[in-house]
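Chain residues, written in single-letter form:
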Amino acid sequence: MKVDFGTLLPAMLQASLTSLAIFFLTLIIALPLGLVIAAGRLSKHKVIRWPVQVYLLIMRGTPLMLQLFFFFFGPFYIFGIKGVSRLAMCILAFGLNYTAYFAEIYRGGMESIPVGQHEAAAALGFTREQTFFKIILPQVVKRIVPPMGNEFMTLVKDTALARVIAVVELFDVAAKAASGYVSTVPFIVAAVFYLVMNAIVGQAFLFTERKLDYYR
Amino acid sequence: MEILSATHVFKAFEKNEVLKDISFSVAQGEVVAIIGPSGSGKTTLLRCINQFETVDYGEITVCGDKMVTIEEKRETEWIQTEIEVEMLSDTSAAEELLEEGAVTKETQLVERVINPGRSVYADKETLRKIRLNIGLVFQNFNLFPHFSVLRNITEAPVAVLGKSKQEAEAIAMELLQKMGLAAKANEYPYQLSGGQQQRVSIARAMALSPAILFFDEPTSALDPELTGEILKVIRSLAEEHMTMVIVTHEMAFARDVADRVIFMSDGVIVEEGPPEQVLGDPQEERTKQFLLRYTEN
Chain Z
1 MKVDFGTLLP
11 AMLQASLTSL
21 AIFFLTLIIA
31 LPLGLVIAAG
41 RLSKHKVIRW
51 PVQVYLLIMR
61 GTPLMLQLFF
71 FFFGPFYIFG
81 IKGVSRLAMC
91 ILAFGLNYTA
101 YFAEIYRGGM
111 ESIPVGQHEA
121 AAALGFTREQ
131 TFFKIILPQV
141 VKRIVPPMGN
151 EFMTLVKDTA
161 LARVIAVVEL
171 FDVAAKAASG
181 YVSTVPFIVA
191 AVFYLVMNAI
201 VGQAFLFTER
211 KLDYYR
Chain Y
1 MEILSATHVF
11 KAFEKNEVLK
21 DISFSVAQGE
31 VVAIIGPSGS
41 GKTTLLRCIN
51 QFETVDYGEI
61 TVCGDKMVTI
71 EEKRETEWIQ
81 TEIEVEMLSD
91 TSAAEELLEE
101 GAVTKETQLV
111 ERVINPGRSV
121 YADKETLRKI
131 RLNIGLVFQN
141 FNLFPHFSVL
151 RNITEAPVAV
161 LGKSKQEAEA
171 IAMELLQKMG
181 LAAKANEYPY
191 QLSGGQQQRV
201 SIARAMALSP
211 AILFFDEPTS
221 ALDPELTGEI
231 LKVIRSLAEE
241 HMTMVIVTHE
251 MAFARDVADR
261 VIFMSDGVIV
271 EEGPPEQVLG
281 DPQEERTKQF
291 LLRYTEN
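Chains as they are written, first to last, in my numbering: chain Z, 1 to 216; chain Y, 1 to 297.
The hints are simulated quantities; they were obtained by calculation from the structure and are not laboratory data.
Where hints are given, some of them may not hold.
Said to hold, decoys possible - Mimicking DMTMM-like on lysine to aspartate or glutamate, the simulated pairs with C-alpha atoms at most 25 angstroms apart in a straight line are:
1) K129/Y <-> E169/Y
2) K44/Z <-> E14/Y
3) K163/Y <-> D65/Y
4) K165/Y <-> E129/Z
5) K66/Y <-> E119/Z
6) K44/Z <-> D56/Y
7) K211/Z <-> E187/Y
8) K184/Y <-> D213/Z
9) K178/Y <-> E229/Y
10) K124/Y <-> D56/Y
11) K20/Y <-> D266/Y
12) K163/Y <-> E119/Z
13) K73/Y <-> E30/Y
The task is simple: from the sequences and hints, build the whole structure.
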C-alpha cells in the first residue's frame, strides 16, 4: 500500500508535540528536583541520605518501562482510583526517573568543586545560600554540561516509551502507520524526526559549552 | 591594643593531639610570623582561628569579641608513677641506678587530666562579626574562577557588607592599583600567573577592611621567582601597619618583615620573640635543630 504523506506527516507532527511536551515537562520536574535529591544524597544525616539512596537505586535500577506501567496502573490497582490521566502519569514517571539520573550528575559536579572554594567563600563572610548560588552552582553547571547533553538526548528517544501506556506520541503514530500501510517508511520518517530533535539538542549544548568557555 | 588573643587552646583529631595548650596574642599593627616543621600544628591553629575547625578547649578573642570562652576550667595533676628502670630511655642513668642498690623501679612525674574542661562558642552573629574582622589568604589562592578579577574583589563587599557596586569597584580598583594589577581587572584568574593570582587574593581579603590578615603559607604554591612579588606586597602592608599573622617557610622573609617570630613544634609554642633572637640566637634545642635542618636544605 502506498504511504499517504498528506495524512501521515500532519499526524506525526501533531504527535511530536506530545513527545516534546513529555520532554520539556520532564525537564521542568527533574532539573530542580534533581538538585534537591543531590543535596539529600550529600547530606551528613543518615536519615536523609539513606532514603535518598534507596530512591536512586529503585529509579536507576529498574526499567523505565516498568515504572511507566507502575505509575499508570498503580493508582487503580492499589488505591482503586479511576480515570488518572495517561499523560500526567507518564510525565510523573519520566520526571521521577530522570530526577535520579540528574541528581547523580549534580552530585558528581558538586563533589568535584575543590573544598578551597567553600572555605574562601566562608572566609569572606558569604552565607551558605550565597556560597551555593553565587560560587558553587555556576561552577557545577559548567562541569555537568557534557553529561547533561547525553541525558537530554536519551530523554528525547525515551519519550517513545510512553506508547506502552497508550500515550499517543510520535513513535506510536509511526508504528500504527507502519502496520497500516505495511511499510517501513513511517519508521524512517520518525527516525528523521528524532534525529532533527536531537540535532537541535546537540547544537544547544554545543552553544552552552562555548558560552561557558570564558573561564577555566 | 590587642587584636587577637588565644589562651590555652587545645585541639585533637581523634587521639592525635595537634594543639597542646597554645597561648599567644597579636597587638595592633604587629606582624607575627609562625614557623615550624610540617605537622607542628601551625595550619591547624590558623584554621581554628578562622573557624574552619573548632577547638576542644581554650579561649579566643578577636577585636574584643569572644569567639570561644572557657566555661569549665581544665584540671590536671602531676602524679608520681613507677616505671621499670629498664624501660628508661637513658640507659646510662638506668645502669647507675641498678648498680647503686639493685633498684628496679624509678618514679616519674606524669601529668594526668582530671577534668578536660569545657569551652563554648559565641552565637552565630558574633562568630560572623569575628569572621569579617579576619582576612585570610590561602596557599592555593582559591580565587573564584568564574568571576573576573574585579568581581572576585567586589562580590563580598557587595553581597556581604551591602556596599554599592560603584563603591566596591572604586575600592577594588584602588587595591588593584596598589598590587600593580589595575590592567588585569577584567581578566579571569586562569589568565594570570600564580603570583598575580595571589596578589588578587590579597586584594580580595583587604576589600573587607579586616582588622587582622592571616596568610597560610602564601608563597608555598609559587615558583621561587614569583615569591618575591608576594613578599613585596606583604612588606608594603607591614609598612602601612596592617596587623598580620603569617604562617611561612620563608625564613629570610620572617626575619625581614616580622616583629615577632613564633616557633611551633609538636603542637606547642617552643619559642617566641624578635626574629633576630628566635632565628639568630635560638635558646631551645628544638628550634636550633629545626633551623639547622633548614639551612642544610
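Right, here's what the structure says about each hint:
{"no.": "1", "hint": "K129/Y <-> E169/Y", "result": "23 angstroms, holds"}
{"no.": "2", "hint": "K44/Z <-> E14/Y", "result": "19 angstroms, holds"}
{"no.": "3", "hint": "K163/Y <-> D65/Y", "result": "24 angstroms, holds"}
{"no.": "4", "hint": "K165/Y <-> E129/Z", "result": "20 angstroms, holds"}
{"no.": "5", "hint": "K66/Y <-> E119/Z", "result": "22 angstroms, holds"}
{"no.": "6", "hint": "K44/Z <-> D56/Y", "result": "21 angstroms, holds"}
{"no.": "7", "hint": "K211/Z <-> E187/Y", "result": "16 angstroms, holds"}
{"no.": "8", "hint": "K184/Y <-> D213/Z", "result": "19 angstroms, holds"}
{"no.": "9", "hint": "K178/Y <-> E229/Y", "result": "12 angstroms, holds"}
{"no.": "10", "hint": "K124/Y <-> D56/Y", "result": "18 angstroms, holds"}
{"no.": "11", "hint": "K20/Y <-> D266/Y", "result": "8 angstroms, holds"}
{"no.": "12", "hint": "K163/Y <-> E119/Z", "result": "22 angstroms, holds"}
{"no.": "13", "hint": "K73/Y <-> E30/Y", "result": "30 angstroms, violated"}
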